Amino acid sequence: MSKRLLVAAVAALMAVAGCGGGSDDASDGKTLKLWHYEGPDSAMGVAWAEAIKQFEASHPGVKVEFEEKGFEQIQKTAPMVLNSNDAPDLLEYNKGNATAGLLSKQGLLTDMSEEVTKRGWDKKLGPGIDTTAKYDERGVMGSGKWYGIPNYAEYVMVYYNKTMFDQQGLAEPKTLDELTAAMAKFVAAGITPLALGGAEYPAHQLFYQLALTKADRDWVDRFQRYTGDVNFHDNTWVYGAETFAKWLREGYISKDSAGVKAEEMGVSFMQGKAPIMVSGSWWYGRVASQVKDFEWASVPWPGMTAGSSGNLWVVPKGSKNKQLAYDFIEITMSPAIQDKLRDAGGIAVAPSATPPTDPKTKQLNDDFKTISDADRLAFYPDWPAPGFYDAQVSSVQKLITGQAGPHEVLTEMADYYKENTASVGK
Amino acid sequence: MSVVPFSIRDRGSYLWFLIPGALLLLAVILVPFGMNIGISFTEWSGAGEPEWIGLDNYTRLMGDGTFWASFRHNVGLVVAMAVLPTLAGLVIAAALFDFVGKHFGSRHASILRACIYLPQVLPIAVAGIVWSWILAPQDGALNEVLRAVGLDSLAQNWLGDPDLALWSVMGVMLWIQVGYPVVIFMAGMQRVDPSLHEAAELDGASWWGRFYHVTVPQIRPEIFVVLLTCTIAALKVFAPIYVLTRGGPGGSTNVPSYYSFQNFFEKTQVGYGAAIATVLTVLILVLTTVFLRVQNRGDHR
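For the record, the sequence lines run as chains L and V. Following the UniProt record's numbering, the numbering of the first sequence begins with 1 at its first residue and continues without gaps. Following the UniProt record's numbering, the numbering of the second sequence begins with 1 at its first residue and continues without gaps.
Don't read these hints as lab results, they were simulated from the structure. Keep in mind that this is a model prediction, so the values were computed, not measured. Glycine is no exception: its CB is placed at the ideal position from the N, C-alpha and C atoms. Be aware that a few hints might be false.
[To be verified] Using 35 Å as the maximum straight-line C-alpha spacing, the simulated DSBU-like pairs for lysine-lysine come out as follows:
{"#": "1", "chain 1": "L", "residue 1": "K214", "chain 2": "L", "residue 2": "K360"}
{"#": "2", "chain 1": "L", "residue 1": "K145", "chain 2": "L", "residue 2": "K292"}
{"#": "3", "chain 1": "L", "residue 1": "K76", "chain 2": "V", "residue 2": "K236"}
{"#": "4", "chain 1": "L", "residue 1": "K214", "chain 2": "L", "residue 2": "K185"}
{"#": "5", "chain 1": "L", "residue 1": "K69", "chain 2": "V", "residue 2": "K236"}
{"#": "6", "chain 1": "L", "residue 1": "K124", "chain 2": "L", "residue 2": "K174"}
{"#": "7", "chain 1": "L", "residue 1": "K261", "chain 2": "L", "residue 2": "K174"}
{"#": "8", "chain 1": "L", "residue 1": "K162", "chain 2": "L", "residue 2": "K63"}
{"#": "9", "chain 1": "L", "residue 1": "K418", "chain 2": "V", "residue 2": "K236"}
{"#": "10", "chain 1": "L", "residue 1": "K124", "chain 2": "L", "residue 2": "K69"}
{"#": "11", "chain 1": "L", "residue 1": "K369", "chain 2": "L", "residue 2": "K292"}
{"#": "12", "chain 1": "L", "residue 1": "K360", "chain 2": "L", "residue 2": "K261"}
{"#": "13", "chain 1": "L", "residue 1": "K292", "chain 2": "L", "residue 2": "K273"}
{"#": "14", "chain 1": "V", "residue 1": "K236", "chain 2": "L", "residue 2": "K261"}
{"#": "15", "chain 1": "L", "residue 1": "K255", "chain 2": "V", "residue 2": "K236"}
[Stated by the list, open to error] Where chain L lies over chain V, by a calculated footprint (3+ residues, C-beta under 8 Å):
{"#": "16", "stretch": "44-57"}
{"#": "17", "stretch": "129-137"}
{"#": "18", "stretch": "161-168"}
{"#": "19", "stretch": "239-250"}
{"#": "20", "stretch": "265-272"}
Bound conformation, chain L alone:
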C-alpha cells in the first residue's frame, strides 16, 4: 500500500513538474506544427488562415497543427521553448537584435540561407526589408545568414483629421514646417493637436521620429547596427529632444500624456478629439473601419521613418519538419497570399498578382513602397539594446512631466545604450 502511495505521489509530481515525457507527434512528416500571434481579424491573421488552407490543399495527408499564441507569451518564453522538445516547426517571432538576433546567436534558429537563395525569396524582398531577416555571428541584423522571412511590413506615419484641417483652412501637412504650422493653428483655436501615449511606445517613437528628421542611413546604421560611434548629443538627437520639448512647451502635446496608453491615444484620434496622431501602420485598418464621423487621411513622415519588415517566420533549430515549414513560407510569399494580406489592410512586401481596389489600401502600400525604395526605413528606437523599450518609455515620460530636460534625457539614454550594448556579440 505504502509503495503504491509512493508511486502515485511520484507520478503526480512528474505530471505537475511537466516531466511526463509526452509523445513527439510532430516528427512524422505528416504534421506542420505552427505558432503565430496575429489576431484572426488582422490582415496577417486573415492571410495566414488562407495560407494554411492552401498548404493543406497542396500537401495531401499533411495536417497543420496551428496554435494561436500571445505576443508576450512567445516573446517571454521563446528561448526556453526552442531549447525543448516542444518547439514548433515554424513560428512567428519578433525581429531585431535583442530578439531574433539573440536566438540566432544562441544557435536556436535554423540558418535558412540556402533555402532563401534556392526559392528566390531574397529577390522578392526589397532593400531595408531584408535587413531584419539576416543576422551575423554576433546576432546583429543587416548582414550574415538568413534566420527568418518577413512577409509584411509596417511604418510610422502622420494620421490627420481632414475634416478638422478643413475647418481650420489647413492643407495636407507634407513637411515638418507645415505640420508645425498646423499644430500652432489648432493650439490658437484651443485644441491640443497631437494625440500621444506617453505610457507606452508612441512617445518615444515620436521622439525618435523627430530626431530622424535630421538623420541619414549612416546615422541609423551606427545606432541600430553598431557600425560606428553613437553620440547622443549630436545635432540629430539634440534636435529630436529639443523639438519634442518645444512641442510640449507650445502645447502641441498635452503635458498629461505621460500617463496615456497607446490605446487611449488611438481612441482619442478616432473619436475626433485630437486632429493628429503620429503612429504606425498597425492602426491603419482600425482607423479605416472605425472612423465614420469625419474624413481622415495619412501622410508619410518626411525623411527617415521608423519602420521595418514585420515579424519573421523562423524555423527553430529543433524543427522536425523543416521542408514543410519552408513550403508554408513559400505560400505566404506567393502573390495570392500577399494580395490577401494587402486587401485586408496590411502592407505586402513581395510582388502582387492584382492591383488593389481600395484607394486607401493602395495609398498605404504605395507610400510604403516610396519609403522602402528610397531606403528610408529606420527600424524602431528601442531595438539596439535589450530592455531599451522600458528605458525609453521612462526617459521620455520624464521629459513630458518635466522631471528631466532634453539633455538629461539624452544622457540617460546614452548611458543605457552604452551599458546594454556592451555585451552585444558576447
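Following the hints, complete the assembly by docking chain V onto the known chain L.
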C-alpha cells in the same frame, strides 16, 4: 488543549501522507528556488550557456539606485496594502458587526460585507484596466466627475504625474485589499464570547473601550494573519503595477518584482533578475519568520 502523544509507529504512518505534499513542495518551490539562486551567480541572457560570475550580481545590486528606489516604493505599498487595510478593516468590520448587524440585521451586514469584498474577487487585470480608465488624465471618470461638480482644480494626471502616481496606485490597492481584512475580522468577531462584551458593558465600558480592550485583543490571531499575508502580498506585488503603470512614469512606481521581471524578460539579464528575486524571497522569508515568532511569543504570554 492537550496534545495526543503519537507512538513512533503512528508517526511513521503519517509520514507517508506527507510525501505527496513534500514532493510537490520540492518540485514547485524548493528546486526552482535553488535554481534561481544558482542562476543569480551567473551572467545569462536566457539562452545558451550561463557564465559563472560569483557575487557580481549582488555587488551590483548594492549600488543600483533603481533597485533601492523600488524598495522605497514597496514601503508605500506595504502601508497601502497591509497597514491601512488592517486599520480600515477593523473599523469597518466593527461597524458592520456592532452597528449594522445589530440595528439592521445580519443580512444587511452580509450584503455590505460582500460589496466590500467584491474587489478581491475581480481579476486584477480587469480591476487594473478599469482603474486606468477611471484615472485617465483627459477623459477619465474621476476627472470628469471633479470637473462636473466644479472642482476643476482637483483634476489631476493621476497615473502620469511622478509625484502622484504612487499615491494613486496606493489608493487602488487599498480599495482592492480592504475587503479581505473585513471578512476575516468579522469572522473573528463572531468567535468572540459575547459574555466578555456583556461583562465589560456592565462594568460601564464605552463602545470604544470594549472594542479596544475586548474585541481587538480577542481577534489578535486574525490581525496577525491579515498583516502577515497582506505584507507578503505587498512585497511581491506585480500585476497591479504591470497593468496600471508598468513602473512609470519615469520609474516612480517601480517595485522589486517588476524590476526583476524587466531584467528577466525585457533586458534579458536573467542572472541579475534572479539576484533581485532571490533578495526579495529572502526578505519575505525573514519577515515571515519574524512575524510568526512575534505572534507565537504573544500567544504564549
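Hint check results:
1. About 29 Å separates the Cα atoms of K214 of chain L and K360 of chain L, which keeps this hinted pair within 35 Å; it holds.
2. For the hint linking K145 of chain L to K292 of chain L, the alpha-carbon distance of about 46 Å lies beyond 35 Å, and the restraint is violated.
3. This hinted pair checks out: K76 of chain L and K236 of chain V have alpha carbons roughly 20 Å apart, not beyond 35 Å.
4. Restraint check: the Cα-Cα separation between K214 of chain L and K185 of chain L comes to about 24 Å, which is no more than 35 Å; the hinted pair holds.
5. Distance restraint check for K69 of chain L and K236 of chain V: the Cα-Cα separation of roughly 27 Å lies within the 35 Å cut-off, and the hinted pair is therefore satisfied.
6. With a C-alpha separation of about 30 Å, the suggested pair K124 of chain L and K174 of chain L falls inside the 35 Å cut-off, and the hint holds.
7. Restraint check: the Cα-Cα separation between K261 of chain L and K174 of chain L comes to about 27 Å, which is no more than 35 Å; the hinted pair holds.
8. Between K162 of chain L and K63 of chain L, the direct Cα distance comes to roughly 48 Å. Violation of the 35 Å bound is thereby established for this hinted pair.
9. For the suggested pair K418 of chain L and K236 of chain V, the alpha carbons sit about 31 Å apart, so the restraint of at most 35 Å is met.
10. Annotation: proposed proximity of K124 of chain L to K69 of chain L holds, straight-line Cα distance about 28 Å (limit 35 Å).
11. Under the criterion of a C-alpha separation no larger than 35 Å, the hint pairing K369 of chain L with K292 of chain L is consistent with the structure, at around 28 Å.
12. For the hint pairing K360 of chain L with K261 of chain L, the CA-to-CA distance comes to about 26 Å; that is within 35 Å, so the pair holds.
13. The suggested pairing of K292 of chain L with K273 of chain L holds, with an alpha-carbon distance near 14 Å, which does not exceed 35 Å.
14. Of the pairs offered as hints, the one joining K236 of chain V and K261 of chain L holds, with about 25 Å between alpha carbons and a cut-off of 35 Å not exceeded.
15. Restraint check: the Cα-Cα separation between K255 of chain L and K236 of chain V comes to about 32 Å, which is no more than 35 Å; the hinted pair holds.
16. Coverage of the stretch 44-57 of chain V by chain L holds in this model, with 4 residues showing a Cβ closer than 8 Å to a Cβ of that chain against a need of three.
17. Requiring three or more residues with a Cβ within less than 8 Å of a Cβ of chain L, the coverage given for the stretch 129-137 of chain V holds, as 4 such residues are present.
18. Coverage of the stretch 161-168 of chain V by chain L holds. Counting CB-CB distances below 8 Å, 3 residues qualify, and the rule asks for three or more.
19. Counting residues of the stretch 239-250 of chain V whose CB lies closer than 8 Å to any CB of chain L gives 6, which reaches the minimum of 3, so the coverage claim holds.
20. Against chain L, the stretch 265-272 of chain V contributes 5 residues with a C-beta closer than 8 Å to a partner C-beta. That satisfies the three-residue criterion, and the hint holds.
Hint violations for this structure: numbers 2, 8, all remaining hints satisfied.
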